[in-house]
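Position chain B against the provided structure of chain A, taking the given hints into account.
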Amino acid sequence: MVERRPVRILAAVLLAGTLVTAADAAPRTKDDLASGKPSAPRVRVDLISERAGIEAGAAFWVGLRQRIAPGWHTYWLNPGDSGEPMTVEWALPAGFQAGDIVWPHPERIPVGPAMTFGYSDEVVLLTRITAPAGIEPGTRVTLRGRAAWLVCAKICIPEEAGLQLTLPVVSGTPPANPREATAMAEARRAVPAASPWPASFSATPETVTLTVAAAGLAADQVADVYFYPSQWGVIDVAAPQAVTIGARGITVRVARGALAAAAEMPIDGVLVIKERLDQGIVSHAIALRATREGTPATAASSAPPRVSLLEALGLALAGGLVLNLMPCVLPVLSLKALSLVSHAGVPAARPWRHGLAYAAGVLASFAVVAGALISVRAGGAQIGWGFQLQSPVFVTLLAYVFFGLALSLSGAILMGGRLTGLGQTLASRPGYAGSFFTGALATVAATPCTAPFMGVAVGFALTQPATTAMLVFETLGFGLALPYLLLAVMPAWSRALPKPGPWMERLQQLLAFPLYASVAWLVWVVSQQAGPRGVAAVLSGLVLIAFAAWLHRVTRGASGSWRWAATTAAALIVVVAIALGQVVATSSSSARSSPAAGGVPSEPFSPKRVAELRAQGKPVFVNFTAAWCITCLVNERVALRSSAVAEAFARKGVVYLKADWTKRDPEIARVLGSFGRSGVPLYLVYPPALPGPSAAAEPSVLPQLLSEGMIIEAIEKI
Amino acid sequence: MSHQSLTRRRFIARTGLGAIASGVVAGGLTRPSVSWAAAAVGQPAPAFTATATAGSSVSLADYRGKLVILEWTNHECPYVRKHYETGNMQALQKETTGQGVVWLTIISSAPNEQGYVTPGQADELTANRKAVPTAVLLDPKGTVGRLYGATNTPHMYLVDKAGMLVYAGAIDDRPTSRKADVQGANNYVRAALHAVAAGQPVKTPVTRAYGCTVKYS
Chain A
285 MVERRPVRIL AAVLLAGTLV TAADAAPRTK DDLASGKPSA PRVRVDLISE
335 RAGIEAGAAF WVGLRQRIAP GWHTYWLNPG DSGEPMTVEW ALPAGFQAGD
385 IVWPHPERIP VGPAMTFGYS DEVVLLTRIT APAGIEPGTR VTLRGRAAWL
435 VCAKICIPEE AGLQLTLPVV SGTPPANPRE ATAMAEARRA VPAASPWPAS
485 FSATPETVTL TVAAAGLAAD QVADVYFYPS QWGVIDVAAP QAVTIGARGI
535 TVRVARGALA AAAEMPIDGV LVIKERLDQG IVSHAIALRA TREGTPATAA
585 SSAPPRVSLL EALGLALAGG LVLNLMPCVL PVLSLKALSL VSHAGVPAAR
635 PWRHGLAYAA GVLASFAVVA GALISVRAGG AQIGWGFQLQ SPVFVTLLAY
685 VFFGLALSLS GAILMGGRLT GLGQTLASRP GYAGSFFTGA LATVAATPCT
735 APFMGVAVGF ALTQPATTAM LVFETLGFGL ALPYLLLAVM PAWSRALPKP
785 GPWMERLQQL LAFPLYASVA WLVWVVSQQA GPRGVAAVLS GLVLIAFAAW
835 LHRVTRGASG SWRWAATTAA ALIVVVAIAL GQVVATSSSS ARSSPAAGGV
885 PSEPFSPKRV AELRAQGKPV FVNFTAAWCI TCLVNERVAL RSSAVAEAFA
935 RKGVVYLKAD WTKRDPEIAR VLGSFGRSGV PLYLVYPPAL PGPSAAAEPS
985 VLPQLLSEGM IIEAIEKI
Chain B
477 MSHQSLTRRR FIARTGLGAI ASGVVAGGLT RPSVSWAAAA VGQPAPAFTA
527 TATAGSSVSL ADYRGKLVIL EWTNHECPYV RKHYETGNMQ ALQKETTGQG
577 VVWLTIISSA PNEQGYVTPG QADELTANRK AVPTAVLLDP KGTVGRLYGA
627 TNTPHMYLVD KAGMLVYAGA IDDRPTSRKA DVQGANNYVR AALHAVAAGQ
677 PVKTPVTRAY GCTVKYS
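Keeping their order, the protein sequence lines are chains A and B. Per our numbering, the first sequence runs over residues 285 to 1002. Per our numbering, the second sequence runs over residues 477 to 693.
One chain only, chain A, in its complex shape:
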């Protein structure tokens, strides 16, 4: 049955090196071919390491390299209509732990009327291994395992082989393994990157349509798009995929798979996009999780996620109730409660009508927020509760509103004929519109706050059809409205509140401080989104609002025309403050490109800025990019945002300039042209200018497909 072939010895000789001691490296087939065809090894497998040693307590990457005979294939995680992926049984030394296989993206292998997904020629499957802390530098460690796989041409053969790799234990970070660096780097390049774009899908009984919200891609630059599902049965893998690239992004329409329930769950898979660049076509693999778009037609049959609708509604109600206690909402609510105190005992006040008006205000404004959220998500954007806070302009305006409210609580803004704040004015306004408005205000105030229980409920709502989602959001709103509503409806309860007195004014002033704190937090949010310019703008706006409040107050007692002029001036000042929000918006566009987390901050590119920085003795890294360039986005995700690159930049004092060619800037085009390019990406590393007249050392040009290692290497060379 089992044949042992001399090739094994040959392979062992070939592979025996300082690092790799291969034993049993050539596969043996469990079932030899009954057809009597000659049996040569179809896949040779060996274990390779990214690093030339192991550090105690650290994780490192190894690769299972398959060298596949011409005409034969091995399989991906989801092999498609037929086939079987490789499995590995590790027999690692004590304390070592191996992660799951990380799969490079596959290629299409049609077999007759069926479609399979796999690899040919050579592929390296990656695995992360964690070493225990207690291993001694100077010793050697041997990693062992057994791999089993199926290899097919027209016929299929299961094969298996032992894996073995001996590495020295070293102290500190082990050096790269030069022999396998290329193979490992290529494997990493082929592993799907986290998607830069959100994805969603819609399904009919016949088809599934995936939408990847990659808006503004240059369609003529995309050579091919193919979606590889991670699970069988989700789509008909043998069916053609109809791809369109348009304003909404990339859509892939394909016949549904055999599993009826598959379209009820998120669809996972890998989208491989081939993009035409100056130097040929490059492939990008992007890991997608497409969530189902809200489709009311299937509301009844939608699969239950972790929580049921009833549970979600319960959590939403609880979350809404708790929202009342959050620092951004509490002051608004307390004012309403105070108004009840002052109305206590006045029979004509009909507090319950105010309660209803207030609840209506909350529910109506929640409907507006939820409606916006649901419709924007239907457009493919991946947003959640508090999505408005992603807009620095909105955050700025919210800071103004909170600041205005806080000033009124502090007594700095005077409205109406009494020494009362804005909130109380509204609360005590005889019309029910005042109560309705307070409800809306409570909702606005609640947007930056999340309460316990809310996350689960909102998360549930966003996976549901629009009607269900709306129900959950309205329940949340009802929870928010409930405490005041109860107080208003139950006069006996409000009678339990303390009697009116001077304490009310003190409490009102005290309540201003949570709002000031909220303003401080919002300014911090702006600083993250729009940088120092944005902060300057929003702080100036706050000063202007304070000035307008003062102006309005001091001219209150003045004669008609003076008062009119001052009010107009105050209004104008507020308009100016709001206009300053525009500065925040424009600051954000350049600042947004520097990722908030884990990335290197960037400045906009200009040839002048490059010359300046170099003259200051600073090396410069220039990233020529565009929002519609897939390669650029993938490079940024895979390489530029890594912490190792950030460290290298910091170590060498490299300044990161970004040349955004999204709008085809002529100056950038000229620079691209001077490097023989007609498009992006282009990556340049400029060394600092040398003293003397012949200062300009040429920049080095990095490849169009970046890896972390390449950038670091180029930086280290400066």
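Don't read these hints as lab results, they were simulated from the structure. The structure presented is a predicted model; accordingly, all values stated were derived computationally and were not measured. Where is the CB? At the ideal position from N, CA and C, for every residue including glycine. One or more of the hints may lead you astray.
[Stated by the list, open to error] Partner residues aside, some chain B positions facing chain A, computed with beta carbon under 10 Å:
hint, residue
1, Asn-564
2, Gln-590
3, Thr-602
4, Lys-606
5, Asn-628
6, Gly-645
7, Ala-685
8, Gly-687
9, Val-690
10, Lys-691
[What the hints assert, rightly or not] From the derived model, a few chain B residues whose C-beta atoms are all more than 12 Å from chain A:
hint, residue
11, Ala-528
12, Gly-563
13, Val-577
14, Ala-603
15, Gly-618
16, Lys-637
17, His-670
18, Gln-676
19, Thr-683
[To be verified] Covered stretches of chain A (in silico footprint by chain B; criterion: 3 or more residues with CB under 8 Å from a CB of chain B, positions within the stretch not fixed):
hint, stretch
20, 351–360
21, 438–446
Okay, now just chain B, sitting in the frame of chain A:
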């Protein structure tokens, strides 16, 4: 109920797509276009007539009123051998045919491809392997295989007494060629038969078939 109407619509769409596909494979999306995978669980099993090793014609319609198991096979495929060399497939054949179930083994390998056999070779294999199918059908043109969307060997189907397809997919839940995996595997075909016998819906009506690709011409 809704499940059935859902798959009916899908059936219509599929066959429609198959017809359109031949014209629409433009845009560099190459794929052989055939009227493919017409069989759908929850729908009537497509009617077919094929030649048995004995030379007689066998039609699915002949067995209306009986449960029918369809087994696609290729005796050289390691996955098929897993189930025959362990006696797993023969045991299921004995058990089911003993209860009056019809077992049709179908060979869709084209001439000169792996698994292709003459009627004589097929009978010899049945005898040597102590297999007990009701009949072995030869489908060298792949007509029946394509009609059912059979992609793998083994690929299993169950047709109920009313002629509806109630199961399609793998023989069990261990998609390997390791013989040791036969022990303790959950046999989907047996589970489907039990459900049908008890008058209940099949719990797992569709699974991913595993094995070698069917060696169509």
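How the hints compare with the structure:
Hint status for Asn-564 (chain B) relative to chain A: violated, with the closest Cβ pair at about 16 Å, above 10 Å. A distance limit of 10 Å between C-beta atoms decides the matter here; for Gln-590 (chain B) the minimum to chain A is near 5 Å, and the interface restraint holds. The interface hint given for Thr-602 (chain B) is broken, as the beta carbon of that residue sits about 16 Å from the closest beta carbon of chain A, more than 10 Å. Checking Lys-606 (chain B) against chain A by beta carbon gives a least distance of about 18 Å; that is not within 10 Å, so the hint is violated.
Taking 10 Å as the C-beta contact cut-off toward chain A, the hint placing Asn-628 (chain B) at the interface holds, the least distance being around 5 Å. At its closest, the beta carbon of Gly-645 (chain B) sits 8 Å from a beta carbon of chain A; the interface hint therefore holds under the 10 Å criterion. The interface hint given for Ala-685 (chain B) holds, since its Cβ lies 8 Å from the closest Cβ of chain A, which is under the 10 Å cut-off. The restraint placing Gly-687 (chain B) at the interface with chain A holds, with a minimum CB-CB distance near 7 Å, inside the 10 Å limit.
Hint on Val-690 (chain B) holds. Least Cβ distance to chain A is approximately 7 Å, under the 10 Å limit. Taking 10 Å as the C-beta cut-off, the interface hint given for Lys-691 (chain B) holds, the closest approach to chain A being about 6 Å. Every CB of chain A is more than 12 Å from the CB of Ala-528 (chain B) (nearest about 24 Å), matching its label as outside the interface. Every CB of chain A is more than 12 Å from the CB of Gly-563 (chain B) (nearest about 16 Å), matching its label as outside the interface.
Against chain A, the non-interface label of Val-577 (chain B) holds: every CB pair exceeds 12 Å, the least being about 23 Å. No Cβ of chain A approaches the Cβ of Ala-603 (chain B) within 12 Å, the least distance being about 17 Å, so the stated non-interface status holds. Distance check for Gly-618 (chain B) against chain A: the nearest CB is about 8 Å away, which does not clear 12 Å, and the non-interface claim fails. Once the 12 Å rule is applied to beta carbons, Lys-637 (chain B) is consistent with being away from chain A; the minimum gap is 23 Å.
The Cβ of His-670 (chain B) lies farther than 12 Å from every Cβ of chain A, with a closest approach of about 21 Å, so its non-interface assignment holds. With a least beta-carbon separation of about 18 Å from chain A, Gln-676 (chain B) lies farther than 12 Å from that chain, consistent with its non-interface assignment. Against chain A, the non-interface label of Thr-683 (chain B) is violated: not every CB pair exceeds 12 Å, the least being about 8 Å. For the stretch 351–360 of chain A, the assignment as covered by chain B is violated, since 0 residues bring a beta-carbon within under 8 Å of that chain's beta-carbons and 3 are needed.
Here the stretch 438–446 of chain A counts 5 residues with a CB under 8 Å from a CB of chain B, which clears the bar of 3, and the coverage holds.
Hint compliance for this structure: hints 1, 3, 4, 15, 19 and 20 are broken, all remaining hints hold.
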